[in-house]
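Given the coordinates of chain B, work out where chain G should sit on it, guided by the hints.
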Amino acid sequence: MNAAADATLRPTAKGRVGDPFSSPWRRRLPLLPALLFMILVTQLPFLVSIYYSLTNLKDKTQSLIPEPTKFVGIDNYKAIFSDPFFRQAMWTSVQMTVFAVVLSVLFGTLFAILLDRRFFGQGLIRTLLITPFLLMPVVAALIWKQQMFSSLFGILDKVLAFLGLNSVAFISDHPLASIVTVLVWQWTPFMMLIMLAGLQSQPSDILEAAGVDGATSFGIFRQLTLPHLRRYLELGALLGSIYIVQAFDAIDVMTGGGPGSTNVPYFVYQESIGGGFRYGSASAYAIVVVVFAIIIATLALRLLSGLLKDEERA
Amino acid sequence: MKVLVGILVMGLIAVASLSATATGSTKAKTISVAIVANGQMQDIARLTPSLFTKKSGIKVKYTILDEGKLRQITTRDVGSGGKAFDAVMIGPYEAPQFGVAGLLKDLTPLAKGDQTYNYNDLIPAVRNALSAKGHMYAAPFYGESSFLMYRKDILAKNGVKLPLHPTWQQVAAAARKIKTSSMAGICLRGKPGWGDLGAAFTTVLNTFGGTWWSAKPNGQPDKAQVDQPAFKNALDFYAKLVQDAGEKDAANSSFNECLTQYQAGKVAMWYDATVAAGTLEASDSPVKGKNGFAFAPVDKTKSSGWLWSWALAIPKSSPDPTDAWKYIAFATGKQYLRAAGPLVKGGWAAIPPGTRVSTYQIPQYKKAAKAFAAITLAAMKAAPITNPGTTKRPGLPGVQYVGIPQFQDVGNRCTQLFSRVIAGSAKASDALSQCQSIASKAIK
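For the record, the sequence lines run as chains B and G.
My numbering numbers the first residue of the first sequence as 1 and each following residue consecutively.
My numbering numbers the first residue of the second sequence as 1 and each following residue consecutively.
Worth double-checking, as some hints may not be accurate.
[What the hints assert, rightly or not] Once the Cα atoms are required to be at most 27 Å apart in a straight line, the calculated DSS-like pairs of lysine-lysine come out as:
1. K152(G) <-> K216(G)
2. K58(B) <-> K216(G)
3. K248(G) <-> K158(B)
4. K266(G) <-> K145(B)
In short, the hints are calculated from the structure, not lab data.
Next up, chain B with everything else stripped away, as it sits in the complex (with noise of 0.2 Å):
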């Protein structure tokens, strides 16, 4: 077994040294299968959609007589930016992910705090307080819409009622309100199990030493644990935002879109299969919404690698 791995190895290891055979694409070869998979499930369709985009290719329900599609230029571009309906949803996008992630990232440390002493049954809470992550996004939304939110059967309702409160129908109201609560309750365990990471990495001495010196427990979190918590808070936010800037259930199943609610990903789809069924430009919000991605991303993986940095000095 031995001499058989050792034989196999020996040529790369000599063509190293001068072998004709062995320029870097010999060693890259085995990736090309991958690579050109690659290519065919993303790069194609991409380049498809940037062609569709500059066209006023529609479904073919949409018109009655068959009509050929059109070559329109940047028309659809320039329509973009002229559109109310499509600021807005950006806005709805920027405002929904930055309430859902800060707001997750304060609970997730808060909990975090909690589950990081020993107390009886802490196995039992540290379970309960991650199951709302691992709950399918539509149930999830559908336990809120229903169970929660409704002001015919809803617990909210029959709490306000206990209250002697007015009914308040909470969906309908406050659209953008009630799915970053869904969001929040979602993403609140992620949040919590990477500050959970973050305070059990933190040396125990150090803490002890600050006990011993006489600081106040939350001078020792504000000195000493937060600035130790910075890194995992920014890779919560970081992570979080890149999934949350995507949202599409909460909104599918609570309200199905609307004012305050449709953001950019579920903008898209409204303007494509999800009833516009105007794929040209679908293809144009969609390639605009790449860009954007792109830069957002860019800054994104900058701050990563930083972290990373950071952690390899540190």
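Frame of chain B, contents of chain G only:
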């Protein structure tokens, strides 16, 4: 050597399983059907194995969705030539449009060629609504108009009397008078979607003299009319009535939600599809025998009720059109109606109404549906499908919708805005100006 044997064995297993699936598929045929999640459809889904599969050997795989989702999926599948469904449930909005665009199978020869199916028994108003240029593109599963349902006992207690042909002003006054903290005066649809809020609202819009688009002489849409005073009057009237005397959480309520509230005694009147009457008068209904019925309320026009039918169509791309027709002939045929009567939970009153003349001659149905059968038929006949408002409409005929492809998207997006107005969280003037820009952009 071992590896070779391994490969051989795996190959054999693969071949064996392939042939097994191949023989399996010729033995038991399965067709896929997409239907709406309303009561009558749930009934047929439950009864299909015993009434259809047993005799024909064709299994039916149902996809049951709410109206809005179903529309998205069927439109996408039919339009892209997808093979997901052998039969889809659509209505008079889609059938002629898709049919004219060449996306659906013409059912006329199949229906006429089938002696037991009896094409001429189909109610003409419904059959015509599902046809274009004499070709029927979908077979009606049930047919409906819209009318006003009310609790006779509650109205009497409040000293309110409604004529058989009420006006919207009379209905609004009655609703406001009846309303208490525990009972709403009227249930009106407020849930976004052209087929939800859009349908109920457009009948009000029509009779208030408003319209979505004006029409060119050739029937093409000319200009969006959402910014016109008549449109604003209609929206103000509708939103105000719901806010003053409407159901709780109106912005999330449509047919099924209103049905629940009416049956639970939380609303006194309900303007909606005539098909609801079958459920209200069903043998297991808590409000059986307490209901009065009146024609769709009007303002400037003589009649305002809509015409709709949930009907089954075969997409051109259907993998198995022959079996799909066998299924449609069963589901929309005379025999199913007779077989379903004793089997469905609600009894005879709850069978799918409004599709066949012969349904109204079944003695058991006549007895069970005494309260609403005649007015349902009359309302369907009176539905002003070719001339619903006070001005000429663009596109194909339609009451609660405009028969042009753009209406689906415009209706959906505008009713999202209107739904917020009804909820009181947006101003009517803002919603109307945004909707005007959606409607004018769509026809460019």
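Below or equal to 27 Å on CA atoms is what counts here, so check K248(G) against K158(B).
holds (14 Å)
Holds or violated: K58(B) with K216(G), Cα cutoff 27 Å?
holds (23 Å)
Quick one, are K266(G) and K145(B) close enough, alpha carbons at most 27 Å?
Since the Cα atoms of K266(G) and K145(B) sit roughly 21 Å apart, the hinted pair holds (cutoff 27 Å).
Would you check the hint for K152(G) and K216(G), treating anything up to 27 Å between C-alpha atoms as holding?
violated (45 Å)
In summary, the one numbered hint that this structure violates is 1.
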